[in-house]
Amino acid sequence: MINFRLIAAVLGLVIVGVVAFCAVFAGWIVPHDPFVQNLDGRMIPPLFMEGGQAGHFLGTDQLGRDYFSRLILGARISLLIGVATVITSGLIGITLGLLGGFFGGRVDDVVMFAITCRLSIPLILVALTVVGLVGSSLTVVVLTLGLLLWDRFAVVARTTTMQVRNLDYVAAAWASGCSVTHIILKEVLPNIVHHLVVVATLEMALAILLEAALSFLGLGVPPPLPSWGLMIAEAKDYMFFTPWVIMVPGIALFVLVLGINFLGDALRDILGATRDA
Amino acid sequence: MRAPAIEVRAVTRHFRQSTGLFTAARSVRAVDGVSFSVPTGSCFGIVGESGCGKSTLARLILGLHPPTGGEIVVEGQSLQAMDRRARARLIQPVFQDPFSSLNPRRRIRDIVGLPLAAQGTNPAQRDRQVDAMLERVGLSAEMGGRLPAQLSGGQRQRVAIARALVLRPRIVVCDEPTSALDVSVQAQILNLLAELRRDFGLTLVFISHNLAVVEHVCDEVAVMYLGRIVERAPTDTLFRAPAHPYTRALLASVLTPEPGLGIPDVGLGDSYPDPANIPPGCRFHPRCPIAEAGCSERDPSPRALDGREVACHLV
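Sequences listed follow chains A and B, in order. The numbers in our numbering rise by one with no breaks, and the one at position 3 of the first sequence is 3. The numbers in our numbering rise by one with no breaks, and the one at position 256 of the second sequence is 1256.
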């Protein structure tokens, strides 16, 4: 019997591990400076294709920059945006969801209203406006996504809190004389955290994809920073003649998002278990 | 006569239940004018069918819900005016389902030590007291390192009892403490409770739908029906000569161990009482086998009758 869950978990861990390693140690492992242009060596195909050159494993882009080096540095940007967005949106969403779910009544009405309002805001339009007003930068992208992607955290935290708050161990904690803060943080939060981890991985994948979309539209990370979305955007003009320029960052994006989702499922299985393995 | 440990004075608890956007919210009268007192050191039983408000009453006595009306006085102090820590030192719960009453993410030592932690006891002293209490309820101190999922139902209920007793409270409210357990374990838990009650001088409030258990454990029993106490009497009086027709039906509903007799017919019909829609007059009259015309008009108030209190016009 093949354990698909285990395979997916290991695969997810390897993918995210490799990308995280690239992101952290990008400065040491890039074979070339990702910003140095070489107009004589433009559009060199990858090594495994006809016409590939030994020095450039994944070839060069339209300005002769080493594509492999740009891809590695792009991993840093993508992960940075994913992690920073999830931390910002997680803090907002989990706080709102916990409060609404735990206290119910008027507090919950306010939280639900905030969630509904957030869901009616079109993300790309807001990003367009913000970039139009303050210009595009990494910080702006992270803040825009972080302040807008908290809805799923809030919804999941709220419903799971509602399930947990009526359980007897919460009543026992009340009867033990515990404070409200203690009950929310020590009794409720640890019992919903495995649901939130799954949301965090989904949101991280979503944030990375949204950053790619924003960069593709020219609203994300400003060039010459090599975000994967920006690489796709820059490559779209050449894709009919040299399709690999769009495939390389595209596949990287797909694999990373897949890996994050695998890892999220595995984390849910591990954290959801209440018995020591 | 000793001063009562608990005095419940005309307590009501209503819940608002909204049924939809365009319908008015209904008011569910879960507990509706209940009064009784429990002498120090005794065991007071509350019985009744599902939905009669006995668990709500338990939560009121524990201070987990504020009463809508009336007052609960514990050891001479009003429960509502009490600080949460002072209340915890005085009164503690044991819940029905030990699978939901223990936080699955905490180790046994932390679960039992939680009431001590809330009082601000230092960790070293806390661990000493927790280990002593675990051994007192028949568990070993090394179980403190385990998670609830690694324990059996009976062991979990022992943990819940240890948590309830670790502060040395005066009163323990047991809400169906054995009904989620295997029959073989029930007796062990009941004996443990009886033993601890004697050793610690506890006052017990014991809520159950299991009449045999109540008869075995309690000194005095109150029978609840739709948020009211319909009969309250010393245990042997109640079981020997039940006065209220509902008590009689309840006692008649106990299955006999004799095979072939089938399920007893208690003459209550198939209707199910709805606490959101309480009948006028005596709330038991639609199901009462001896009801008369006047029963649907006048609400009977409890009156004394040979050492007991009954709320019925006809007995």
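Calculated from the structure, these hints are not laboratory results. Since the model is a prediction, treat every value here as computed from it, not as a measurement. Each residue gets a CB set at the ideal place from its N, CA and C atoms; glycine is no exception. Don't take each hint at face value.
[As the list claims (entries may be wrong)] To be clear about the criterion: a stretch of chain A counts as covered by chain B if any three or more of its residues have a C-beta under 8 Å from a C-beta of chain B, and this derived list gives those stretches:
1. 167-175
2. 187-199
[Said to hold, decoys possible] A few chain B residues facing chain A, derived, Cβ under 7 Å:
3. Leu-1062
4. Arg-1085
5. Ala-1088
6. Leu-1090
7. Pro-1093
8. Ser-1100
9. Leu-1102
10. Ala-1118
Results for each hint:
no., hint, verdict
1, 167-175, "holds (count 8)"
2, 187-199, "holds (count 3)"
3, Leu-1062, "holds (5 Å)"
4, Arg-1085, "holds (4 Å)"
5, Ala-1088, "holds (3 Å)"
6, Leu-1090, "violated (10 Å)"
7, Pro-1093, "holds (5 Å)"
8, Ser-1100, "holds (5 Å)"
9, Leu-1102, "holds (6 Å)"
10, Ala-1118, "holds (4 Å)"
Consistency note: the structure conflicts with earlier hint 6 alone.
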